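Colleague: So the sequence lines, in the order shown, correspond to chains A and U. Take the first sequence: its position 195, counting from 1, is numbered 352 in this note's numbering, and each next residue is one higher. Take the second sequence: its position 209, counting from 1, is numbered 366 in this note's numbering, and each next residue is one higher.
Please keep in mind that the hints were generated in silico from the structure rather than gathered at the bench. Hints are supplied without guarantee of correctness; some may be wrong.
No copy is singled out in the list; a pair is fine if it fits within one copy or between any two copies.
[Unchecked claim] Within a straight-line C-alpha distance of at most 20 Å, the following computed SDA-like cross-link-like pairs (lysine to any residue) qualify:
1. Lys408 x Thr418
2. Lys293 x Ala327
3. Lys637 x Asp391
4. Lys191 x Gln627
5. Lys191 x Asp178
6. Lys496 x Tyr366
7. Lys632 x Pro618
8. Lys496 x Gly336
9. Lys168 x Glu471
10. Lys187 x Ser655
11. Lys211 x Leu656
12. Lys405 x Ser525
13. Lys454 x Leu608
14. Lys424 x Lys496
15. Lys405 x Phe641
16. Lys187 x Lys314
17. Lys314 x Ala189
18. Lys245 x Asp517
19. Lys191 x Lys314
On a predicted model such as this, the values are computed, not experimentally measured, just so you know.
Here's the letter readout for the chains.
Protein chains: 2
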Amino acid sequence: MNREIPDEILKEKNYEVYTTDNFGTPLIQKVAPKLRATTGEEKVVDSLEDVVLKTVEDGMTVSFHHHFREGDYVFNKVMRIIIDHGFKNLTLAPSSLTNVMNDIVVEAIEKGVVTNITSSGMRGSLGDAVSHGALKNPVIFRSHGNRARAIETGAIKIDVAFLGVPNSDAMGNANGMDGATAFGSLGYALMDAQYAQTVVLVTDNIKPYPNTPASIKQTQVDYVVKVDAVGNPDKIGSGATRFTKDPKELKIAKTVNEVITHSEYFKDGFSFQTGSGGAALAVTRFLRQSMIDNQIKASFALGGITKPTIDLLEEGLVDKVMDVQDFDKGAAESMHQNKSQQEIDASWYADPANKGAMVDALDVVILSALEIDTKFNVNVMSGSDGVIRGAIGGHQDAATAKLTIISAPLVRGRIATIVPDVTTAVTPGDSIDVLVTEVGIAINPKRKDLLESLSKVPGVPVYTIEELQQMAQEKVGTPKPLEFNDRVVALIEYRDGSLIDVIKEVKD
Amino acid sequence: MNREIPDEILKEKNYEVYTTDNFGTPLIQKVAPKLRATTGEEKVVDSLEDVVLKTVEDGMTVSFHHHFREGDYVFNKVMRIIIDHGFKNLTLAPSSLTNVMNDIVVEAIEKGVVTNITSSGMRGSLGDAVSHGALKNPVIFRSHGNRARAIETGAIKIDVAFLGVPNSDAMGNANGMDGATAFGSLGYALMDAQYAQTVVLVTDNIKPYPNTPASIKQTQVDYVVKVDAVGNPDKIGSGATRFTKDPKELKIAKTVNEVITHSEYFKDGFSFQTGSGGAALAVTRFLRQSMIDNQIKASFALGGITKPTIDLLEEGLVDKVMDVQDFDKGAAESMHQNKSQQEIDASWYADPANKGAMVDALDVVILSALEIDTKFNVNVMSGSDGVIRGAIGGHQDAATAKLTIISAPLVRGRIATIVPDVTTAVTPGDSIDVLVTEVGIAINPKRKDLLESLSKVPGVPVYTIEELQQMAQEKVGTPKPLEFNDRVVALIEYRDGSLIDVIKEVKD
Numbered sequence: 158m159n160r161e162i163p164d165e166i167l168k169e170k171n172y173e174v175y176t177t178d179n180f181g182t183p184l185i186q187k188v189a190p191k192l193r194a195t196t197g198e199e200k201v202v203d204s205l206e207d208v209v210l211k212t213v214e215d216g217m218t219v220s221f222h223h224h225f226r227e228g229d230y231v232f233n234k235v236m237r238i239i240i241d242h243g244f245k246n247l248t249l250a251p252s253s254l255t256n257v258m259n260d261i262v263v264e265a266i267e268k269g270v271v272t273n274i275t276s277s278g279m280r281g282s283l284g285d286a287v288s289h290g291a292l293k294n295p296v297i298f299r300s301h302g303n304r305a306r307a308i309e310t311g312a313i314k315i316d317v318a319f320l321g322v323p324n325s326d327a328m329g330n331a332n333g334m335d336g337a338t339a340f341g342s343l344g345y346a347l348m349d350a351q352y353a354q355t356v357v358l359v360t361d362n363i364k365p366y367p368n369t370p371a372s373i374k375q376t377q378v379d380y381v382v383k384v385d386a387v388g389n390p391d392k393i394g395s396g397a398t399r400f401t402k403d404p405k406e407l408k409i410a411k412t413v414n415e416v417i418t419h420s421e422y423f424k425d426g427f428s429f430q431t432g433s434g435g436a437a438l439a440v441t442r443f444l445r446q447s448m449i450d451n452q453i454k455a456s457f458a459l460g461g462i463t464k465p466t467i468d469l470l471e472e473g474l475v476d477k478v479m480d481v482q483d484f485d486k487g488a489a490e491s492m493h494q495n496k497s498q499q500e501i502d503a504s505w506y507a508d509p510a511n512k513g514a515m516v517d518a519l520d521v522v523i524l525s526a527l528e529i530d531t532k533f534n535v536n537v538m539s540g541s542d543g544v545i546r547g548a549i550g551g552h553q554d555a556a557t558a559k560l561t562i563i564s565a566p567l568v569r570g571r572i573a574t575i576v577p578d579v580t581t582a583v584t585p586g587d588s589i590d591v592l593v594t595e596v597g598i599a600i601n602p603k604r605k606d607l608l609e610s611l612s613k614v615p616g617v618p619v620y621t622i623e624e625l626q627q628m629a630q631e632k633v634g635t636p637k638p639l640e641f642n643d644r645v646v647a648l649i650e651y652r653d654g655s656l657i658d659v660i661k662e663v664k665d
Numbered sequence: 158m159n160r161e162i163p164d165e166i167l168k169e170k171n172y173e174v175y176t177t178d179n180f181g182t183p184l185i186q187k188v189a190p191k192l193r194a195t196t197g198e199e200k201v202v203d204s205l206e207d208v209v210l211k212t213v214e215d216g217m218t219v220s221f222h223h224h225f226r227e228g229d230y231v232f233n234k235v236m237r238i239i240i241d242h243g244f245k246n247l248t249l250a251p252s253s254l255t256n257v258m259n260d261i262v263v264e265a266i267e268k269g270v271v272t273n274i275t276s277s278g279m280r281g282s283l284g285d286a287v288s289h290g291a292l293k294n295p296v297i298f299r300s301h302g303n304r305a306r307a308i309e310t311g312a313i314k315i316d317v318a319f320l321g322v323p324n325s326d327a328m329g330n331a332n333g334m335d336g337a338t339a340f341g342s343l344g345y346a347l348m349d350a351q352y353a354q355t356v357v358l359v360t361d362n363i364k365p366y367p368n369t370p371a372s373i374k375q376t377q378v379d380y381v382v383k384v385d386a387v388g389n390p391d392k393i394g395s396g397a398t399r400f401t402k403d404p405k406e407l408k409i410a411k412t413v414n415e416v417i418t419h420s421e422y423f424k425d426g427f428s429f430q431t432g433s434g435g436a437a438l439a440v441t442r443f444l445r446q447s448m449i450d451n452q453i454k455a456s457f458a459l460g461g462i463t464k465p466t467i468d469l470l471e472e473g474l475v476d477k478v479m480d481v482q483d484f485d486k487g488a489a490e491s492m493h494q495n496k497s498q499q500e501i502d503a504s505w506y507a508d509p510a511n512k513g514a515m516v517d518a519l520d521v522v523i524l525s526a527l528e529i530d531t532k533f534n535v536n537v538m539s540g541s542d543g544v545i546r547g548a549i550g551g552h553q554d555a556a557t558a559k560l561t562i563i564s565a566p567l568v569r570g571r572i573a574t575i576v577p578d579v580t581t582a583v584t585p586g587d588s589i590d591v592l593v594t595e596v597g598i599a600i601n602p603k604r605k606d607l608l609e610s611l612s613k614v615p616g617v618p619v620y621t622i623e624e625l626q627q628m629a630q631e632k633v634g635t636p637k638p639l640e641f642n643d644r645v646v647a648l649i650e651y652r653d654g655s656l657i658d659v660i661k662e663v664k665d
């Protein structure tokens, strides 16, 4: 990949450098937790503080999930107690960090409470602080599939998982699909429930025993803490699913659909992951019409799920929705009533180190990019100013699909999206097949088959990615090269656990 | 318990002797398999023989489940190949052995193919052969909960699990509830799927990918073998659920119901496990009427499930059915359409070494006995001739309920059921609360509360167990003491992994 990775990082952390997106078929020794057996002891506790004091010790790894997204109350409640009691040297290992968690993590870092973080991503004040060297040790960024791999193989060993749930019975049988703060799939949290030494459920809704369906099971849970509220229902998912009206986004979405429908993968039984956001929803809408017009049905839709994808399921255009998280209320609410909306954990979704994940069978995926370079390497982690403001999510994982499409505008404001070299390499160009912009598409030269099949699509001009990069540069000029200090503030793992890039401290 | 257990067995196998039915709250280090990662490789194979040859080696532990019961074809197909290829020194670790498996296991033992067995039980020609010393090493009998414990802690390390399923997709997503040979819950097999190094699904019904609901997941499966038929639908479960007409059984069932309804546990939200067989079904019917008459509803019914229990669920008399296996077609067929019939694995059902099993919350259980002695110890494993002809099943596990009732006639034919000392101790008297016979009941003296609450139930005379034993003896006389050789042919573990008894070779 030709990224600058300091040797001392590789040695100190015992990392291999990324070489291939083909995981192969290695032997994998999985790990398992050490647990305290119980036989009917009371698990319900009123005081979250008591449970934190009973379970957390200096130096431990504590985890959370981000299924409540910007409506999360649990993370702040727990971290407040942890900070106020002066714990030190904790490792935070959440599935991801949403904006509502930023300020308290910055405070925890400043006070020496948190000295290590592994996450899918971070943004805002936290990304800024870390980029300026606030955290003692480099953050490790991992994709959702890689987090599952790391947990299953012991690279992440969670001592205590604090998992907010919209319902639980007194023994810890819980799901994400019922209750005022329902968020649908518990996909990421299921890893923590299975592998953490100690599992603390936090809920505002204790249900009669036994509570079913039980996505998290009593066999995994040590404590059930009753609190007033676990989240703000209005902020858990975007409420209405807004269809973009931006002409550039619409043009890109339409072109993405042209690429899909003119590829060999668009046939009965195909599968896809479209993701969230206004542009992704537009793709889903165009794709829906093409499926109807061509009498083509999909076998499954994968990934973070939105209401428009559920609509396809209900219309019979998609047989199964394989659901690791839900991005909006419509998707979350449908889960408990639609048998074909299958909850999957992060391992089943995307872990390369098990006996086969859903992403292995994925035909078409549409992904975004903060930057993409002329080697097709994609950055979804840092801004053009070098500051951390993104998340890997399932980007590296889903990019292993047969047809991986990056949808991105040539420029955003005065900043080029297509660049000679990405600021941070997150997903390798090896995995990317087509870049779709508002002016046309570029095809990875490795994919000669696509160069052929997509060369004569009406209204879809094909360029080399260097040409698109030049067009972007002509629009916004050549930016002054970024300057960084030598200190490494974050490590970007590839999904196999190798190191694909590092992020250095920004120079002010 | 005062059972004769040879010291060399304790030393050689590093066993503790059973001391208490209270498991306590020890720290438990769970284990995890080493697996071969795959990313989309083809798993479907036509030749079962090829897969056996690729996966099995001399000395390995191979496992099966018994959910197909007497309709199972998979066990015989796999064992035929194993025997014909001359494998040696295998350990058989099925969830249990049904009669249809007996003859081929005897053959495998005689040919040195199988030298160790761990099972819930065995009967017929196999029990006879083992009792006469055919197997090289002692069989280890474990309850369903103890098997889960042993698998989760590494005492049973399964190299290859051959799991028959009524449906699977090409990647190994499978369930037990759909298809011509549906048997309902995959409860016992879920342990094998999660913990075996290599998992081979055997099916006659390949479904489109992705197959849901997936009780067994593709992340766990190495091979999917397509065969002509996995089982005989007519023999998987007893077809019609027959209500006993035997006056003695009816009398016992009625008395069991009197004991339940006059106990403190019979109140709204109570829970129960009734089991299978004509007498158990009669209990369920009497209990149903009492629930209606007293306007009492149960929170859950547990265990092996029958259609009459599903009827209670559908009538609203039971909120949830927690289902580790289904004994008949009615129960099996209802699973995929009734959300309140929750599939549970053997660990969730009954493992004492996790963070809480369903049996911990069980109020009332009705269990059977081949023999029960004046210390309330129960034998469900060997006949009065000393020959193995039974299974622990969930007996030890469910006996930890708050009210454990043994229902048994005083005598069967010319053989006493109530004896001074059981031939084989399986479930300790510590766990047993009430014995119900056709002439009256006996209450464990430890349960002074029950002596009080059940002393004045109309039509239910209370005796000491010694009195009942005397009545049985008066009916059939005193049998000649059994004679055994010194050699130990089977070990009876308690559910915590301690040794509760041994079975010695019968003397002819």
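Colleague: None of the hints should be skipped; say for each whether it holds.
Modeller: Hints versus structure:
1. In this assembly of identical chains, Lys408 and Thr418 lie within 20 Å of each other by CA distance solely inside one copy; the values are 15 Å within and 71 Å between copies.
2. In this assembly of identical chains, the alpha carbons of Lys293 and Ala327 never lie at most 20 Å apart, being 39 Å within a copy and 47 Å across copies at closest.
3. Taking the shortest Cα distances, Lys637 and Asp391 never come within 20 Å of each other, neither inside one copy (42 Å) nor across copies (77 Å).
4. Within a single copy, Lys191 and Gln627 get their C-alpha atoms no closer than 56 Å, and across copies no closer than 50 Å, so neither meets the 20 Å cut-off.
5. For a Cα distance limit of 20 Å, the shortest separation of Lys191 from Asp178 qualifies neither inside one copy, at 33 Å, nor across copies, at 22 Å.
6. Proximity of Lys496 and Tyr366 under a CA criterion of 20 Å is satisfied inter-copy only: 15 Å between copies versus 23 Å inside one chain copy.
7. Within a single copy, Lys632 and Pro618 get their C-alpha atoms as close as 19 Å, which meets the 20 Å cut-off; across copies the closest is 97 Å, which misses it.
8. In the homo-oligomer, the alpha carbons of Lys496 and Gly336 lie at most 20 Å apart both inside one protomer (18 Å) and across protomers (17 Å), since each shortest distance falls under that limit.
9. With identical chains, the CA atoms of Lys168 and Glu471 are never at most 20 Å apart, being 52 Å at best within one copy and 63 Å at best between copies.
10. With identical chains, the CA atoms of Lys187 and Ser655 are at most 20 Å apart within one copy only, with a shortest distance of 18 Å there and 28 Å across copies.
11. For the homomeric pair Lys211 and Leu656, neither the shortest alpha-carbon distance inside one copy (36 Å) nor that between copies (35 Å) is at most 20 Å.
12. Taking identical chains as interchangeable, the C-alpha atoms of Lys405 and Ser525 lie at most 20 Å apart only when both belong to the same chain, with a minimum of 14 Å there against 73 Å between chains.
13. When the C-alpha separation of Lys454 and Leu608 is checked against a cutoff of 20 Å, the pair qualifies neither within a copy, at 25 Å, nor between copies, at 67 Å.
14. In this assembly of identical chains, the alpha carbons of Lys424 and Lys496 never lie at most 20 Å apart, being 24 Å within a copy and 34 Å across copies at closest.
15. Proximity of Lys405 to Phe641 under the C-alpha cut-off of 20 Å is found in neither arrangement, the shortest distances being 33 Å within a copy and 88 Å between copies.
16. In this assembly of identical chains, the alpha carbons of Lys187 and Lys314 lie at most 20 Å apart whether taken from the same copy (12 Å) or from different copies (14 Å).
17. In this homomeric assembly, Lys314 and Ala189 come within 20 Å of each other (Cα to Cα) both inside a single copy, at 10 Å, and across copies, at 14 Å.
18. Within a single copy, Lys245 and Asp517 get their C-alpha atoms no closer than 40 Å, and across copies no closer than 38 Å, so neither meets the 20 Å cut-off.
19. Proximity of Lys191 and Lys314 under a CA criterion of 20 Å is satisfied in both settings, with 11 Å inside one chain copy and 18 Å between copies.
Going through the hint list in order, the structure does not satisfy hints 2, 3, 4, 5, 9, 11, 13, 14, 15 and 18.
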